[in-house]
Each structure stands twice: as C-alpha cells, then as structure tokens.
Amino acid sequence: MASLERAGMEAEKSDEVPPEVAGDMKMHVLTNGQQIGRVAVPNDTSLVMKGGNAAKAADFANYFCSYAYLYHQKQMLTDHHRMSSYHQAIMRNRVLFEGKTVVDVGTGSGILAAWSAQAGAGQVWAVEYTDMAKHAVSVMKHNGVDDRVHVVKGAIEELDLPAGSVDVIISEWMGYFLLRESMLDSVIRGRDRLLKPGGAMFPSHATMVWAAITCEDERLRKVQDCGEAMVDWRAFTDETAEQYGVSMKCLDEAYAKEQRDYYSLSSMWYELGADQIVGEPVVVKELNMHTCTVEQVQGVEHAPFAFQADAPSTVSGFAGWFDTDFAGSEQNPCPERVVLSTHPRIGYTHWGQQVFFLEEAIELNPGDVLSGSMSMRRQKTSARLYDVIVSFQVRTAGAEEEPTMTTLTYEMP
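Going by the working numbering, the first residue of the sequence shown is number 1, and it counts up by one from there.
Because the hints were derived from the structure by calculation, they are not lab data. One or more of the hints may lead you astray.
Claimed, not checked - SDA-like mimics (lysine to any residue), calculated; alpha carbons at most 25 angstroms apart, straight line:
#	residue 1	residue 2
1	K134	K222
2	K257	V246
3	K74	L272
4	K249	E239
5	K249	W233
6	K74	N143
7	K257	S391
8	K196	M174
9	K141	G122
10	K380	M174
11	K141	H87
12	K74	D131
13	K249	D261
14	K222	Y67
Claimed, not checked - Here are the simulated distance ranges between beta carbons:
#	residue 1	residue 2	range
15	P304	R260	22 to 32 angstroms
16	G198	S266	41 to 51 angstroms
17	S266	E98	43 to 53 angstroms
For glycine and all other residues, C-beta sits at the position ideal for the given N, C-alpha and C.
Whole structure, please, built from the sequences with the hints as guidance.
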C-alpha cells in the first residue's frame, strides 16, 4: 500500500509511470497469456480513466490499489445481502445468461463471472484493472469454469471485443450513496460500445434516496470530539508559547475551520435503523442503466425534498442510500425481478448509509415541514469523490413569515 501511495505522488511530478503501476495499464488475457489490443475510448466529459500515464498512475494509487487486496474483497464477499441479491438475480434469470456472451466489469475475485458461467453463459469476459485478476484466474480454475471465463487484466475502456457483441453486462459498480468512486462512467462506456441492441444490464436501474434522520447520540459525540480537539489545540498553543517563546494563536481560526470541516462537514458511514427516519424518504435521482449517459451520472443537481413531522421529532441530520433493480432490458426482461436495497430496514450492508450531521439539531412539531434541496457534485481535485450541498429551511405549522434558508457543504471522503 505504501509503495503505491509513493508511486501516485511521483506520478504527479512525471509523465513516466512507475513500473509497478505501468503493468496494470496493459491489457492481458490471463487465462491464455495472449495480449489484448487497445481501442479508442469514447469522447465524454468525465475525467475518470482519462489523461496520460501520470493521471492513470495517480488514479491507481488513490483508488484501484485497495481492490488488489483480498481483505478488501472479503469485506464485500461477506456482505450477504449484496451476495444473495446478485446470486438470485443471475440464477433466477438463467434464460438471459444461457449460451450468451457476458462481460463482468470490475470482476475483483471473479464471483459474478463464476456465477454467470454456472448459469450457463457461453463466454464470460471478466475484466479487472488490478492484480486481483491473478486471484480471479485461480478461482475460475478451482471452480471448473476457466474454459468459459476469460479473466482480462485491464480497463473495460480497452477491452478488444467486436462492437455490439455482448448480451449481458454485469457489474457491482455502486459506491457509497451510489455514485462515490464514479465507476459507473466506465460501465457506461463499455455498454455504449459492446452491448447488443436489446442486451441486458445487471443491475438495470438505480435509485438514490434522501431522508431526514434522528441520531442524537452520534451527532453529539461528533460535537464533543470537535470541542475536545479545540481544547487540545488551546493547550498546545499555550505550551508552545510558554516553553518555546513562539505563539501559534494566529492559527486558531484556521485550526477551528479544519476541525469543523472534519467533524461537522464531512459525511460518515453509518448503519441506521428504520426507526431513525423522520418523515417519508424522497427519491433524488433515478437511472436507467440501458440509457443513462456519462453526463447524467456526474451527480445530482438541486433535487427538492420536504419532510413533514407527524409527531414531535428531533432531526440530527440527513442520510442518503440507494436501491438497484435487476429487471433486464425491455426486449429481454428478467422472468423474476430482484432488488438490492440499502435502506436502513434491510440491516447491514457494507455500503451502509451516508449520514450528514447537523451542528445543531432541529426540533420539529407535528405539522412542521423541513424542506429544501440537495446537490451532489464531483470534487474538483478528484473525479471519484463528491461534495454534497444541502439547502434547507423549517416552516412551522401556521407560520406566515418566510423561514431562513441555511446552506451547508459536506465532503464525502
């Protein structure tokens, strides 16, 4: 891990790609050792998997490298809701796989590719950008499907297959609050070039959900941690001035902002309970995986929300999660639709929910309405990370005055 981090930093200084990273930028079919050629990447506005060798090396160091470790794969493979949803989607809809050509984008250890073969797929191309590809080769051989599953080390943008030759594209591309990591860009590029007319995307649809929540214990803990950090800073500045004759108090404001950004204006992973939702959650984005464009998956813009309290409620913040559907395509629908949801009522998933805590809780009485809009935008310094901008106001029941609008910007680390 450390060597890859160094490689990413060096990549910013030079266009030469470190050898350990350059090897991951070549396309290989590992099952027979033959190299696959490159093809042109479609033009689009996304910066994901774009740029020269230096940019790709930095992307590898900052994003891909963690997926090359089995411990990270194990975290996803032990998410039983994730596993059972994909397994059911494939096995209960074998008719879409039998004798077909399948591409698995970001195969990791190869579980989706293996299931596709077990469901009767004729040929499966399992594409993996990291060294995890070598472990996927072992898994295919060990499970007796290596005659049909071809593990490819490289990017889907470079997979050299005839245009429109693939019946099914399957991928577990979803990040926190659906879009984090921006892997969907690559899936769409693969779809636009490789999927047959009427071919099926697995999953076929995705929905982003936004809600008000109550979670005072955790919110107050973060407030307390921020306060303790400032107490520690004041002790530090006093000690530095007393013992070493240099005052650091001119940095008080900068340090306070740094701590506020970290504790109060950064989202966090959390496993909420269904009873912690205030009002009715709202859908803020819907995606049809057969038709959405790279531009449409860049984020969310000014999605409105309104949560009305039916009982006295304490709002600690907001939360976002997602659902994905496996329904097949219009021409080739799934005989049995399967839904993978990360709603709090489902229980644990490795995605959890992304929570955006308020610095001060909002007390709602019956009839009060918390309303506003949320946006989710890619960070300027990283196309794989996002900022979430929330504007909100509270209209109390029976009030005539226009309430004040508050806007907060959160970083999704």
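Consistency of the hints with the structure:
1. For the proposed pair K134 and K222, the alpha carbon gap of about 42 angstroms is over 25 angstroms, so the pair is violated.
2. Using a Cα cut-off of 25 angstroms, the hinted pair K257 and V246 holds, with the two alpha carbons roughly 22 angstroms apart.
3. This hinted pair checks out: K74 and L272 have alpha carbons roughly 23 angstroms apart, not beyond 25 angstroms.
4. Taking the CA atoms of K249 and E239, the gap is near 11 angstroms; set against the 25 angstroms cutoff, the hint holds.
5. Restraint check: the Cα-Cα separation between K249 and W233 comes to about 9 angstroms, which is no more than 25 angstroms; the hinted pair holds.
6. Simply put, K74 and N143 have alpha-carbon atoms about 18 angstroms apart, close enough for the 25 angstroms limit, and the pair holds.
7. Restraint check for K257 and S391: satisfied, since their Cα atoms lie roughly 20 angstroms apart, inside the 25 angstroms limit.
8. Between K196 and M174, the direct Cα distance comes to roughly 23 angstroms. Compliance with the 25 angstroms bound is thereby established for this hinted pair.
9. About 16 angstroms separates the Cα atoms of K141 and G122, which keeps this hinted pair within 25 angstroms; it holds.
10. Taking the CA atoms of K380 and M174, the gap is near 21 angstroms; set against the 25 angstroms cutoff, the hint holds.
11. Taking the CA atoms of K141 and H87, the gap is about 20 angstroms. The hint holds against a cut of 25 angstroms.
12. Between K74 and D131, the direct Cα distance comes to roughly 15 angstroms. Compliance with the 25 angstroms bound is thereby established for this hinted pair.
13. Restraint check for K249 and D261: satisfied, since their Cα atoms lie roughly 19 angstroms apart, inside the 25 angstroms limit.
14. For the hint linking K222 to Y67, the alpha-carbon distance of about 30 angstroms lies beyond 25 angstroms, and the restraint is violated.
15. The hinted window of 22 to 32 angstroms between P304 and R260 holds, with their beta carbons roughly 27 angstroms apart.
16. Our hint of 41 to 51 angstroms for G198 and S266 holds, since their Cβ atoms are close to 43 angstroms apart.
17. For S266 and E98, the hinted distance range of 43 to 53 angstroms is satisfied, since their beta carbons lie about 47 angstroms from each other.
When each numbered hint is compared with the structure, violations occur for hints 1 and 14.
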